[in-house]
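K.L.:
So you can see what is in the structure, the chains are spelled out below.
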Amino acid sequence: MESATYGKKLREEEFLINMGPQHPSTHGVLRLVLKMEGEFIRELTPHVGYLHRSIEKIAENRTYNQFMPFTDRIDYCASMPSNLAFAVAVEKLAEMEVPERAEYLRVIMVELNRIASHLIWLGTMSLDLGAVTPFLYAFREREWILDLFEMTCGQRLTYHYIRVGGVSRDIPPEFEKSCRAFIKSFRKKVDDYEAILTENPIFLSRTKGIGILPLDLAKDLGASGPTIRGSNYEWDIRKVEPYSVYNKFDFKIPTGKNGDVWDRYMVRIEEFRQSCNIVEQALDGLPESDTIRAKMKAVFRPPAGEVFSRIEAPRGEMGYYIVSAGDKKPYRVKIRTASYNNLQCLGPISIGLKIADLVAIFGSLDVILPEVDR
Amino acid sequence: MGIATATIKGFWNLILGLFTTGKYLPRKSVTLQYPDERWNMPERSRGVVVLLSDPQTGELNCNACQVCMKQCPVHAINVDQIKDPETKKRYPGNFTIDNTICCFCGICEEVCNFDAIKLTGKYEFSVFNKEELIYNKEKLQELGRDVKYTPRKKKKASDEDEKTEKKEAKPAEEKSETKTAGEKTESNPEEKDS
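Chains as they are written, first to last, in this note's numbering: chain A, 2 to 375; chain B, 1145 to 1338.
Pulled out of the complex, with its shape left as it was, chain B reads as follows (with noise of 0.2 angstroms):
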């Protein structure tokens, strides 16, 4: 290929290049203004851990049953398990979740029977002391207060054993008192084996 061949090749690249970022001069910007601009979190976006209560009563949906506990693959998770001794109700006494090691794998959410614990869309918590990133029961409750969600009325199949199946026959009939007394006496099986 002689000079004037190249010369003349690599000009019609060049413009031809030139014409690709042209087109997209007069376009609409994709970049959004964070502080001012915001976007929708989609639905299954997994920010922030936050623990869910009872829309009717209140109460934290948890029942300290430390399945997410054990199940956590960073241990950010730790429940303290106290029992009524009158009402013979279990309910977590402290549940502190460290946001300085969550990995936010959404865990701990799967794992959960009880639809207490859930990631949301939450995602602005910067704070500038690093103690603060340990949020204890008060304050994830409180932020799960607005959250949505949908009662589950099984566990999914596939992580469902046949352990589980069996025993979730029997207090079935106690469940339609109230949610966490019929699920208090339920033991989950992997709680036992870890």
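Here chain A stands alone, though its shape is the one from the complex (with noise of 0.2 angstroms):
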């Protein structure tokens, strides 16, 4: 039989794609709509809310303590941070004291939930690559970290540790030496994953060059943590408004050269080695006490105002816009994340390039759904 259209020209026209909300590379339930000429995207519209639980809405009607488990809920890839956010902000509200045991226990979880955080990532990200490997070490390594979360807070993903006004729970005496066997082992595993991935040739092709973002354009749209940093701007809240006890820990800033996935990724590679300088000397800093939680009135009322605090989350930016009017629920509680505005770079950076990149743009942004919609 004759075909139809033989002998004329094929027609041609931009078509609609969705991609997600269930494709397997949008870590979550993302849906973009995708404008495509051929092999090439020309329009795309992150759509985003299917995950929205109204945990905004849930902390008006709940005290602080109790909201500190939904907090965990927010980033369920770092829970910690997310928990340390919310309880520095009540802390700055109430002008509450810690005590320096409990800000150190806090500063080791938090590093050790970012290196957590960051292996998800870089096993997520080659996966969707095509490399299978890096993904079975990362969770190998992670398993261990969250061992060393079980022991010391019970749970292995949704901690609830970090409180207002301290921490739930001592360390226990064993995890010490652990963390310190953990920190030295997973040194040498940094060098594993760069020399599976980092100049692999085909990991380079996919990534080199591949979705650059614009210092200027990552400024206006928010952009924070090591998406901005892979832009070569030293931007992180531990060095430019340090909380906690960040200033009396020596570490650096990494920072990327072009802005492109390869950069992100190197970033968070030396993010793991910097992370590791932090708990150490975490550990060897760590002042013995008793008291690992300030004490705080059974029915906890902090003054009415309004405070804005911000922390260095995993992703960026974690900011919480607290108001209260005296009471002991909170009368508003707004949640700044850094995923939010991080995937609004995605439109931009993917304009003229094919799908297959888009999974490599994705991947390198780090962008959790859960916290984009809270």
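In short, the hints are calculated from the structure, not lab data. It is possible that some hints are incorrect.
What the hints assert, rightly or not - Pulled from the structure, derived: some chain B residues nowhere near chain A, Cβ distances all over 10 angstroms: (1) I1147; (2) A1148; (3) T1165; (4) E1181; (5) S1189; (6) N1222; (7) E1230; (8) N1243; (9) S1270; (10) I1278; (11) K1281.
As the list claims (entries may be wrong) - Subject to a maximum C-alpha distance of 25 angstroms in a straight line, what follows is the list of computed PhoX-like cross-link-like pairs (lysine-lysine): (12) K253(A) x K220(A); (13) K1214(B) x K1233(B); (14) K93(A) x K240(A); (15) K296(A) x K240(A); (16) K330(A) x K93(A); (17) K1281(B) x K1292(B); (18) K189(A) x K1153(B); (19) K93(A) x K296(A); (20) K1172(B) x K185(A); (21) K1283(B) x K1214(B); (22) K1214(B) x K330(A); (23) K1227(B) x K1283(B); (24) K1274(B) x K1292(B); (25) K58(A) x K1214(B); (26) K1167(B) x K185(A); (27) K209(A) x K1153(B); (28) K1153(B) x K190(A); (29) K1227(B) x K298(A); (30) K1167(B) x K189(A); (31) K258(A) x K220(A); (32) K1172(B) x K1153(B); (33) K190(A) x K253(A); (34) K190(A) x K1232(B); (35) K329(A) x K93(A); (36) K1172(B) x K189(A); (37) K178(A) x K1172(B); (38) K1153(B) x K258(A); (39) K1227(B) x K1266(B); (40) K93(A) x K249(A).
Just so it is clear, the structure is predicted and the values come from calculations on it, not from any experiment. Every residue gets a Cβ at the ideal spot worked out from N, C-alpha and C, and that includes glycine.
Take the two lone chains and join them into the complex the hints point to.
P.N.:
This is how it looks when you write it as structure tokens:
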């Protein structure tokens, strides 16, 4: 049978593709509406809101201590920084003094959680790009960190460890030895990841020069964390606005050069090493004390007022804006999460690229969807 | 960089990657074959919530002060307080924990003044029927029979209020009789407030 199009010119037109919400590379439920011209992306619209749980509204109906377990669920890959962000904000509101040992324990836990969170990113991103081995290695190391968390606070994912005024429990005696052993072995493991990925020709061709995020665009869209550091800008809340006891530690802020996928990868790889340094310094300087939580009244009522405070979470700035009416429940809580702003960068930088590159760029932004929707 | 250099560099890095994976090939496996092998849950593990009983008398430590019910962030706990008219003891009439919504945050264990409720390292509790996940008092007590715990002498300083300190001083004499009898007179400040 003769084809209907035989001898005629093939029709060309733009067409729409729905990528997600169940696409494996979207790490959750993100729906991207792509306007395609052949293989190339002409327009990209992210549709968010599939994971909305109205956590900000829940906060208005819970006391400050009761809301803490909900902060775990904002960013489930890095619950400790989410806890810390809320605790720091409430402590600023109530002008509370936190025991020094608790501050050191917080730093240790947050930095270990930063490593664990970046390990998930490394595993899933390399899996999206077709490298299966780093995924297995990353989750093997993450297991050790989760064991450390489990022996300290009893949970492996939703820790609920950092509280308003301190931490919930002191570390068990075997923690320090195990933690030092982990840091020692992890430094070698980072070299292993680099040996597999960093100079691998397949990985390089998928990442070098792809998804370049210019610095002014990153600033305009409010990008933060490793995303903006990859675009050669030294922006880290731990240095810019030190909270907790971060001003006592010696660490560097790694930056990239061009702002492509590979630079963002290298920034996170370097952050593994810097986090290891911070954990070691914190373990060395851990003061001996029995008090790990500031004295609080059974019914905690911070004074009326409003406060905004931010911390450096693994994905960037995480801030809490709390309005208190002097009641035991907050009047309003607004959560600023890094993933929401970082996700906005995805549209402009992936125009003109192919879908396969979109997967690489999305992986490198390290967006986590529950944090976008809250 | 010429094509020849790039090719050599590419091959060298592929070999380097293969060498790294090969390094782990003869090593011991890190995975556990779950139903056959099991791991030891740490002491602080936060799993299924149980009610603890006095090891001597076998009675529940709970005196139904309802603090855990009021402090639970997801309202998973429901306690009915019953007062015995003769002995004037308070005890829970019905104590249910809804495991379908429990988030295992451990707040109930922290606010409890009487070592009555605890999160344990038990984790296998899947059932076919959703309603079976709502545990009643008997089931919670049965689960807590074999759980070891160290009786808490005094409440943690961090959670303590000045009001509680004063009130604890009074019934200290009664405490020598039995544990539940001494504590029933003590009212928690949170109870009134919330």
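K.L.:
Identify every previously stated hint that the structure contradicts and give their numbers, smallest first.
P.N.:
Violated hints: 3, 5, 15, 24, 29, 32, 34 and 39; rest satisfied.
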